[in-house]
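From first to last, the protein sequence lines are chains A and B. Quick note on numbering: the first sequence equals residues 2 to 484 in the numbering used here. Quick note on numbering: the second sequence equals residues 2 to 484 in the numbering used here.
Among the clues, some could well be false.
Note that the list lumps identical chains together, so a pair holds whenever it fits in one copy or between two copies.
[Unchecked claim] Below, in silico cross-link-like pairs of lysine-lysine (BS3-like), each with a Cα-Cα straight-line distance of 27 Å or less:
no. : residue 1 : residue 2
1   : Lys113    : Lys344
2   : Lys381    : Lys149
3   : Lys256    : Lys229
4   : Lys113    : Lys342
5   : Lys171    : Lys381
6   : Lys151    : Lys113
7   : Lys151    : Lys466
8   : Lys229    : Lys344
9   : Lys113    : Lys163
10  : Lys151    : Lys381
11  : Lys342    : Lys229
12  : Lys113    : Lys432
13  : Lys344    : Lys171
14  : Lys432    : Lys469
15  : Lys229    : Lys113
Hints listed in this document are in silico derivations from the structure and should not be mistaken for laboratory results.
2 protein chains.
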Amino acid sequence: MLTERLNQKRQSTNLYEQVANHIQRLIEEGTFSSGDKIPSVRKLRDELKVSISTVMEAYRLLEDRGLIEAHPQSGYYVRTRLPKILSCPSISTMDIKPSQVNIADFVRMVLKDVGKRDVVQLGSLQPDPELVPFQRLSAILAGVIRRKKKESVMYDQIQGYKPLRVEIAKRLLSSGCTVTPEEIIITSGCMEAILFALLATCNPGDTIAIESPVFFNLLELLELLRIKAIEIPCHPESGIIIEALKNSIEDHPVKACVVNPNFSTPLGSLMPDKNKQELVSLLSEHNIPLIEDDIYGDLYFTPNRPWAAKAYDTSGMVLLCSSFSKTLAPGYRVGWIVPGKFKERIELAKSAGNYATATPQQMAIREFLIDGGYDRHLRKIRREYARRMELMCRAIGKFFPENTRSACPRGGISLWVELPKSVDSLELYKKAHEYGISFVPGPLFSVRRKYKNFIRLNSAFWSDKIEKALATLGHLAGEMTGR
Amino acid sequence: MLTERLNQKRQSTNLYEQVANHIQRLIEEGTFSSGDKIPSVRKLRDELKVSISTVMEAYRLLEDRGLIEAHPQSGYYVRTRLPKILSCPSISTMDIKPSQVNIADFVRMVLKDVGKRDVVQLGSLQPDPELVPFQRLSAILAGVIRRKKKESVMYDQIQGYKPLRVEIAKRLLSSGCTVTPEEIIITSGCMEAILFALLATCNPGDTIAIESPVFFNLLELLELLRIKAIEIPCHPESGIIIEALKNSIEDHPVKACVVNPNFSTPLGSLMPDKNKQELVSLLSEHNIPLIEDDIYGDLYFTPNRPWAAKAYDTSGMVLLCSSFSKTLAPGYRVGWIVPGKFKERIELAKSAGNYATATPQQMAIREFLIDGGYDRHLRKIRREYARRMELMCRAIGKFFPENTRSACPRGGISLWVELPKSVDSLELYKKAHEYGISFVPGPLFSVRRKYKNFIRLNSAFWSDKIEKALATLGHLAGEMTGR
Chain A
2 MLTERLNQKR
12 QSTNLYEQVA
22 NHIQRLIEEG
32 TFSSGDKIPS
42 VRKLRDELKV
52 SISTVMEAYR
62 LLEDRGLIEA
72 HPQSGYYVRT
82 RLPKILSCPS
92 ISTMDIKPSQ
102 VNIADFVRMV
112 LKDVGKRDVV
122 QLGSLQPDPE
132 LVPFQRLSAI
142 LAGVIRRKKK
152 ESVMYDQIQG
162 YKPLRVEIAK
172 RLLSSGCTVT
182 PEEIIITSGC
192 MEAILFALLA
202 TCNPGDTIAI
212 ESPVFFNLLE
222 LLELLRIKAI
232 EIPCHPESGI
242 IIEALKNSIE
252 DHPVKACVVN
262 PNFSTPLGSL
272 MPDKNKQELV
282 SLLSEHNIPL
292 IEDDIYGDLY
302 FTPNRPWAAK
312 AYDTSGMVLL
322 CSSFSKTLAP
332 GYRVGWIVPG
342 KFKERIELAK
352 SAGNYATATP
362 QQMAIREFLI
372 DGGYDRHLRK
382 IRREYARRME
392 LMCRAIGKFF
402 PENTRSACPR
412 GGISLWVELP
422 KSVDSLELYK
432 KAHEYGISFV
442 PGPLFSVRRK
452 YKNFIRLNSA
462 FWSDKIEKAL
472 ATLGHLAGEM
482 TGR
Chain B
2 MLTERLNQKR
12 QSTNLYEQVA
22 NHIQRLIEEG
32 TFSSGDKIPS
42 VRKLRDELKV
52 SISTVMEAYR
62 LLEDRGLIEA
72 HPQSGYYVRT
82 RLPKILSCPS
92 ISTMDIKPSQ
102 VNIADFVRMV
112 LKDVGKRDVV
122 QLGSLQPDPE
132 LVPFQRLSAI
142 LAGVIRRKKK
152 ESVMYDQIQG
162 YKPLRVEIAK
172 RLLSSGCTVT
182 PEEIIITSGC
192 MEAILFALLA
202 TCNPGDTIAI
212 ESPVFFNLLE
222 LLELLRIKAI
232 EIPCHPESGI
242 IIEALKNSIE
252 DHPVKACVVN
262 PNFSTPLGSL
272 MPDKNKQELV
282 SLLSEHNIPL
292 IEDDIYGDLY
302 FTPNRPWAAK
312 AYDTSGMVLL
322 CSSFSKTLAP
332 GYRVGWIVPG
342 KFKERIELAK
352 SAGNYATATP
362 QQMAIREFLI
372 DGGYDRHLRK
382 IRREYARRME
392 LMCRAIGKFF
402 PENTRSACPR
412 GGISLWVELP
422 KSVDSLELYK
432 KAHEYGISFV
442 PGPLFSVRRK
452 YKNFIRLNSA
462 FWSDKIEKAL
472 ATLGHLAGEM
482 TGR
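So here's chain A without its partners, still in its complex pose:
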């Protein structure tokens, strides 16, 4: 049957593609599961009566699609895919009106133990230092400043180091964005890009639309800038609900919209392409700038890199913000913004705000990008973060009380968990603290301090210690359900 199917199509598409599609179906239908070895090249050649090179091409394609991986001296295996262990968390209800943001004191109070070394940190979204190529980066940085002593010490252009912008422009093609280096401005990380985007598009007292739940750093920024927020409900898997956003826009003078379409924090949701397109066209229609945070876009566990919403921008209304802080070097503080039609105001913000981003790191990251090490590095950390996300989801399924829910994201390092209604995450936070365990309680992700029975975990780390901490956390939560 197999060979028949192939023979029928042999004329129309490439043979190796047909072979690849066939294997993909077998994986999707469950014939081969995560971690299974798939037939060897020789075996498949004999089965399908095709050439060795056709099978090899097919397997290469499946690797590109992220479905299989080669284990040296062993063969090809189905890549770990995230199981649907838990049901999806609930969708929040709509807020009626914009709120003044007043969260910073609350965040400070709650997170005062972050950074303490004796605590199992499931809180802040740090990448695992062991997955940061600090040896190579340091060697590259040292080499760069030896070769470019004067340039690395002096002021660079406000827009940032041109050769780095060239590389970023190239990489943006895989996000569906065709931009020139002149359309990019380097910032000191992604948050700075968002800060400048807000300064460029909003006045204090204005209202913007944000996702709910939303990362609390954005709330702090809104408080600082005295910008009001209206929280738009999000689906835990597909992100912001366009219909809800549409209603808000019609009811309120929304001046901008901040969205994290790819593996948002805390949800980890991934907006389908169709939704991204709708989002961009809805906002453009209403002449509302979209500030897009794509910081986790490269950490996909899906076969291909998801596109940025910016890819659908035809009117320059999308300001795309991202950085290398989650994939490469948090401490280097190198991010960027593609500001569309707001370029002049973003340049003003950068120039007046801190003149330029530090030069040496821009040079080092550019070298890391051009020597090809970055893609290899990304493949490695994606595989590893996917594995850890799965392990963490499984641990939650195993240790947490009944009716715990989580979407188990297909990218990023943020895991959003809904506990049974009777669990107060702030209470749980205090109790967990006594056991040396830290996470971020749900109410920090909302202007109105909703999500009382939710928690956010950092899924970037995995160890026996963390597994034990999750067991303890699950046990503590279980006690609070009163069962």
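For chain A, the structure is supplied; the task is to place chain B on it using the hints.
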């Protein structure tokens, strides 16, 4: 007479101090002028009938006071002091009310050729790259990141690298400020410190008091943040006029005040200690935060480092901002703020704004500070910038039309020149551009675009080419006087 004078006082103060004071008088009275050789140690011993070690102590003291300098294998010379070549520029008149700032487009239009390589740049206030110790800094940075691979790549504390804050705290003692490392927050340069200080103290729509003339980057920042400004007149030598500020405060709801007490740009003025003290007490009385920009404080040509206004702060109302960008490494983007009672809001701004300043440069600068090279370096560049300032003032006296005025600052790298009333500096700018010469026209330094017949020059560079450019500029200005 000399020995008599000494004998009379011999009992009361240290003998070497008396000798030093005596020589200082001779310098001040003109017996010895800039560049003159003063008597050798042996000669003075014989003249004054004191011991060799007393004379050596006295000369050391005079060196500390910045009055003389040792030339190896040659002896001691009177340090170059700036001549009073030109009369002081005029003081601007008072503005009646706060103005919305709207300058960015004007700045962009005027300065569009900045950075072009074929132009003699007398405009932007870059330090001379030849006076930046890029060889050593690069070697130190390379060494640091080799030794601290992981720490240099990962996120550091929001407040910044603690060992660097320790060194900054030590150095602040010479500015009259006793602060702990916990009271310091590292920023990406001085402008970022000012940005955060404004975000921490003002709301958009608020009015702040600023110096007039004022550096245009501050005006751009105010435009970005939609903060109104009231321009307070300044004396070209002693800075902001306290009485004028007092009147403004009484007439308007001033929410903060930004002042550059030590070698402000563009004026180059130095506020006397008494004025600083009055400034701080006036503002504290009215509960108005003082945002102090001390970026040029270490570039003094005076005998001692001038104190910061912060030195007189007893209520925590002064936010002291500075950086290493003018003395050490512009491209490293390392500055700091001592925010007084506004620490929590500055931390929020830093955390929400760009999380932290890049780690590697903080480590490198700290190494540069602890190995003692920084003071030696500062002595060297101070001497050189003083020499260049003098050469530039002399050239202006020589080449520029009659009635040109300038205060010839005692520190910094900014020279403010008043041309005869009939010279329009924007016209001059256009003409100079044809000759490949760039400077910053006066109207950029005022919300209301005053200072039409003023220009700002960067005094950090000196060469035959620059001397020629000044001759050309003077000639062009002369033509515009119509004589």
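Outcome of the hint check:
Taking the shortest alpha-carbon separations for lysine 113 and lysine 344, only the inter-copy value of 16 Å comes in at or below 27 Å, while the best intra-copy value is 37 Å. With identical chains, the CA atoms of lysine 381 and lysine 149 are at most 27 Å apart between copies only, with a shortest distance of 24 Å across copies and 30 Å within one. Taking identical chains as interchangeable, the C-alpha atoms of lysine 256 and lysine 229 lie at most 27 Å apart whether they share a chain (10 Å) or sit on different chains (22 Å). When the C-alpha separation of lysine 113 and lysine 342 is checked against a cutoff of 27 Å, the pair qualifies only between copies, where the shortest distance is 19 Å, while the shortest distance within a copy is 40 Å.
Taking the shortest alpha-carbon separations for lysine 171 and lysine 381, only the intra-copy value of 21 Å comes in at or below 27 Å, while the best inter-copy value is 45 Å. With identical chains, the CA atoms of lysine 151 and lysine 113 are at most 27 Å apart between copies only, with a shortest distance of 24 Å across copies and 41 Å within one. Taking the shortest Cα distances, lysine 151 and lysine 466 sit within 27 Å of each other only across copies (22 Å), while inside one copy they are farther apart (47 Å). Taking the shortest Cα distances, lysine 229 and lysine 344 sit within 27 Å of each other both inside one copy (24 Å) and across copies (24 Å).
Proximity of lysine 113 to lysine 163 under the C-alpha cut-off of 27 Å is restricted to the inter-copy arrangement: shortest distance 18 Å between copies versus 40 Å within a copy. Proximity of lysine 151 and lysine 381 under a CA criterion of 27 Å is satisfied inter-copy only: 19 Å between copies versus 35 Å inside one chain copy. Both within a single protomer and between protomers do lysine 342 and lysine 229 lie at most 27 Å apart by alpha-carbon distance, with minima of 23 Å and 26 Å respectively. Proximity of lysine 113 and lysine 432 under a CA criterion of 27 Å is satisfied intra-copy only: 15 Å inside one chain copy versus 60 Å between copies.
Only within a single protomer do lysine 344 and lysine 171 lie at most 27 Å apart by alpha-carbon distance; the minimum there is 19 Å, versus 41 Å between protomers. For a Cα distance limit of 27 Å, the shortest separation of lysine 432 from lysine 469 inside one copy, 15 Å, qualifies, whereas the shortest one across copies, 75 Å, does not. Taking CA atoms no more than 27 Å apart as the test, lysine 229 paired with lysine 113 passes inside one copy only; the shortest distance there is 26 Å, against 36 Å between copies.
Every hint, counting from the list given before, is met by this structure.
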